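Chemist: So you can see what is in the structure, the chains are spelled out below.
Number of protein chains: 2
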Amino acid sequence: MLINGIETDQISANDRGFQYGDGLFETIAVENGKPVFLLRHLLRLRRGCERLGIDFPGQEILESESRKLARSVHSAVLKIIVTRGSGGRGYRLPDSCSPTRVLSLHPWPEIVSKLQASGIRTRLCKSRLASNPSLAGLKHLNRLEQVLARAEWTDPDIHEGFMLDRDGKVVEGTMSNLFVVRRTSLITPDLDQCGVEGIVRTVVLEIAREKGIEFVVKAIDVCDLEHADEIFVTNSIIGIWPVIGCEGGSLGIGPITRNLIRWFNGRKE
Amino acid sequence: MLINGIETDQISANDRGFQYGDGLFETIAVENGKPVFLLRHLLRLRRGCERLGIDFPGQEILESESRKLARSVHSAVLKIIVTRGSGGRGYRLPDSCSPTRVLSLHPWPEIVSKLQASGIRTRLCKSRLASNPSLAGLKHLNRLEQVLARAEWTDPDIHEGFMLDRDGKVVEGTMSNLFVVRRTSLITPDLDQCGVEGIVRTVVLEIAREKGIEFVVKAIDVCDLEHADEIFVTNSIIGIWPVIGCEGGSLGIGPITRNLIRWFNGRKE
Chain A
277 MLINGIETDQ ISANDRGFQY GDGLFETIAV ENGKPVFLLR HLLRLRRGCE
327 RLGIDFPGQE ILESESRKLA RSVHSAVLKI IVTRGSGGRG YRLPDSCSPT
377 RVLSLHPWPE IVSKLQASGI RTRLCKSRLA SNPSLAGLKH LNRLEQVLAR
427 AEWTDPDIHE GFMLDRDGKV VEGTMSNLFV VRRTSLITPD LDQCGVEGIV
477 RTVVLEIARE KGIEFVVKAI DVCDLEHADE IFVTNSIIGI WPVIGCEGGS
527 LGIGPITRNL IRWFNGRKE
Chain B
277 MLINGIETDQ ISANDRGFQY GDGLFETIAV ENGKPVFLLR HLLRLRRGCE
327 RLGIDFPGQE ILESESRKLA RSVHSAVLKI IVTRGSGGRG YRLPDSCSPT
377 RVLSLHPWPE IVSKLQASGI RTRLCKSRLA SNPSLAGLKH LNRLEQVLAR
427 AEWTDPDIHE GFMLDRDGKV VEGTMSNLFV VRRTSLITPD LDQCGVEGIV
477 RTVVLEIARE KGIEFVVKAI DVCDLEHADE IFVTNSIIGI WPVIGCEGGS
527 LGIGPITRNL IRWFNGRKE
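From first to last, the protein sequence lines stand for chains A and B. Using my numbering, you'd call the opening residue of the first sequence number 277 and step up by one each time. Using my numbering, you'd call the opening residue of the second sequence number 277 and step up by one each time.
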């Protein structure tokens, strides 16, 4: 683990990341010693910092530290956390403040590729996502909603739970974005009120555009899940996981999901 | 600073408090070497832990460490943070997990008593509070909404900003609870969708009951602020601060606020 460039796993308890969740993070797949979609992750991180008014630690340093850590392993999960740093009385921003960057490597979860082939079972969570346009789309450190939603089940055969907003629209999984296929069209929820704008979600939409697959970004109801021809979820570690069941219902791994997995796996940067 | 009983200010970056804001905190006034309302704070902390499924570190240890730290100073702010501890892959709760407790002392803000006498100017924040009944009332570590709201102004003559929920109801200040006086009645917002259930708020309601002051807990509109006879805000450090202005409007420090300040200052436990 590298904290502000130093090998340690200790941070100051005065850090605003710890005190208030005042920061952002990225979770990046490392394959063959390379961080996948690194530039996209760093761009999202920079934009998130701009939205929260956090000083961006700098493209060059984050890129070089990420590549250096990734080179030391074959497969792994690279996590980057950036916080506003230490200081300030209460919630008020400090007059000057140096951001904290934490880069850490974690074991690659071997189950990922198995589930990409077999598909996953899912459920609907009771915990809802609150709406806040100022935070929507951001991968920020305020993650209690996801922690509570993930704590709703312990069944190891359920690999994801979908979260609804206060209006009953399905927004995303606890750790993934959601896509529904209806006939030949892709649907994925809009994220202007809540949810995380995932890197793989964006890449899947780019692929759809290139390949001429119709897609629409709009609210999804629970009954859209029930009537879906295909469902899949995405994030930077799992890539694309087909959904073969949600609550009681079951469905197969369809041709659009299979094609997207193939195209996605072939275009990792 | 005491972290799990050891004098240090360093915590593990793997702590779920840092990773996800997966924890709670208390801010306690220390007066004459004693933590004010300590038992009430620890009770709220225990209840918060129960709601989030976090192991409570234990009444005895928290009480003895708090009193030990408080004895070393005359006036100070004592902050207690309790997190779920380290561990777990992603949001999923670890199979077993030992909570982290952080107790720290901070300088007493001398301005508190001056503003109790003079009253404060306030504003309305643009940042809204999102609704989430699972988290409502809790003093949890997911505080980005408050950080963004407090970042809206830098004018040192404005000492608090009020936050509205998505329906436009006024819920609380960025760091305080809100009371409005209308004729001889107290009104304070209900906190079942968002907001923090403050210790001083509860004490003020107890005093009102004892003294026969009518009060009602219900939603407050912006126009209720405009038509208020008196307004005051409460938290554990400021006690009660009269509000003498909000945005353009101004108002005096009324008899009910004055009485409540006197009664409150006389009954600190």
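One or more hints might be untrue.
[Said to hold, decoys possible] For the chain B half of the interface with chain A, some residues (derived, Cβ under 7 Å), not all of them: (1) 280; (2) 282; (3) 285; (4) 297; (5) 335; (6) 368; (7) 372; (8) 418; (9) 424; (10) 427; (11) 451.
[To be verified] Computed Cβ-Cβ distance ranges for the label pairs, DEER-style: (12) B:525 with A:523: 47 to 55 Å; (13) B:400 with A:326: 44 to 52 Å; (14) B:394 with A:400: 34 to 42 Å.
[To be verified] Taking lysine-lysine pairs in the PhoX-like style, the calculated list, with each CA pair at most 25 Å apart, reads: (15) A:415 with B:544; (16) A:415 with B:487; (17) B:415 with B:487.
None of these hints come from the bench; they were simulated from the model. Source: prediction; values computed, not measured. Note that the Cβ used here is the ideal one computed from N, Cα and C, for glycine as well.
Chemist: So, for every hint listed, does it hold in this structure?
Modeler: Here's how the hints hold up against the structure:
1. 280: violated, 11 Å
2. 282: It is violated, given that the least Cβ distance between residue 282 (chain B) and chain A is near 12 Å, above 7 Å.
3. 285: holds, 5 Å
4. 297: holds, 3 Å
5. 335: violated, 22 Å
6. 368: Given a least distance of 5 Å, the restraint on residue 368 (chain B) holds.
7. 372: violated, 13 Å
8. 418: holds, 4 Å
9. 424: holds, 6 Å
10. 427: holds, 5 Å
11. 451: holds, 6 Å
12. B:525 with A:523: 47 to 55 Å: holds, 52 Å
13. B:400 with A:326: 44 to 52 Å: Violated, at about 25 Å.
14. B:394 with A:400: 34 to 42 Å: violated, 53 Å
15. A:415 with B:544: violated, 42 Å
16. A:415 with B:487: At roughly 49 Å apart (the allowed maximum being 25 Å), residue 487 (chain B) and residue 415 (chain A) break the hint.
17. B:415 with B:487: violated, 28 Å
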